[in-house]
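There are 2 protein chains.
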Amino acid sequence: MNARSPEAAPSVTRVSFVASASSEWTVEAIRAVRGSTLPAASGLARLEGSEFTTPADATWILRGVRSNERYVGQDEKRRLSTVQEGLGRPASRRAALIPIRKSDAWWELAQDERRAILEERSAHIATGARYLPAIARRLYHGRDLGEPFDFLTWFEFAEGDAGAFDDLVGRLRETEEWRYVIREVEIRLARP
Amino acid sequence: MNARSPEAAPSVTRVSFVASASSEWTVEAIRAVRGSTLPAASGLARLEGSEFTTPADATWILRGVRSNERYVGQDEKRRLSTVQEGLGRPASRRAALIPIRKSDAWWELAQDERRAILEERSAHIATGARYLPAIARRLYHGRDLGEPFDFLTWFEFAEGDAGAFDDLVGRLRETEEWRYVIREVEIRLARP
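Residue numbers (my numbering), protein chains in the order written: chain A, 3 to 194; chain B, 3 to 194.
It should be emphasised that the hints constitute simulated quantities derived from the structure, not laboratory data. Be aware that one or more of the hints could be misleading.
Note: identical chains are not told apart, hence a pair may lie in one copy or across any two.
What the hints assert, rightly or not - In silico lysine to aspartate or glutamate, DMTMM-like type, Cα no more than 20 Å apart, as pairs:
1. Lys-79 x Asp-169
2. Lys-79 x Glu-178
3. Lys-79 x Glu-110
4. Lys-79 x Glu-188
5. Lys-79 x Asp-106
6. Lys-79 x Asp-114
7. Lys-79 x Glu-26
8. Lys-79 x Glu-50
9. Lys-79 x Glu-30
10. Lys-79 x Asp-168
11. Lys-79 x Glu-161
Please read these numbers as outputs of a predicted model, since none were measured by experiment.
The task is simple: from the sequences and hints, build the whole structure.
Okay, here's the thing in structure tokens:
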């Protein structure tokens, strides 16, 4: 809405993933898992706030929002909350950003069909939970923003858990749910 | 993303509800049902497209997107598709825009809790279906955009069905689901 009418604060936290040299995270690899890749970058910053950020030296920027749960049920939510740990742990010197876009066929499914594929048949939530608290993560949504990716999935872990991370994403890519992914890029990151 | 990297077409259709004198729909009434109202306007346009529209003579603009189903199951979806009719029917000389914002308490619920309140305990989908095809409708989402309203709900109907429309929204406002509404404005419209 424009300034002439009362505006409430945004309900959602916004994130800008900014590819630029002067960033907290050093890019170790960018690889297309499915569909086209992203341009090369030497560093990546994850900038959360009430507004989107557009630094002048950005090579590219991906946008998203933290929003409500779309599939997690109350029992799952309760169990996850007892084991997961937050981002920013000092030992988390490795991270990954995995932007994902799903097909129109996925988005045209009804809610119960998507939930059945995602969890009852692909165990997406349960598989992620098995790697907690080692692999901390955060999900951002970009679809309603008209972004090129529906999801920006962010993971942080210790160097010694990099193998567990590979194992986790490998399992997710063997599922029925993953057949609906039409573009996925894996960006691996490190900080000193 | 910026222009330096490959951009896919937006997955969603965008809508701008523009309050301005020179519009298809004449505003008959604007009334706050809960929370603060919207500024007075004489006309309203519903502009759908791949981009948001910002006409120079707009008094205010509300934004949203058509997006995937969040609660409707496949059986409900199938039944709705057999009875509902599209927007723009010649006999639909009356319309209503009802922007709605729900509380943080609603959005913090897990998916299954929200579904249970919305349908199993409030019969939101079933109630809407009872008024089909007379009351045609379309739902737009604004929450992930950081808009002041989570939903922009649009209804079209014949003059003779205005009583049925009042009945429909009256029923929805008596439900458990509606207790989570913190702001709702009803804008009633007509075209000659």
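Those earlier numbered hints the structure runs against, lowest number first: Hints 1, 2, 4, 7, 8, 9, 10 and 11 contradicted; others consistent.
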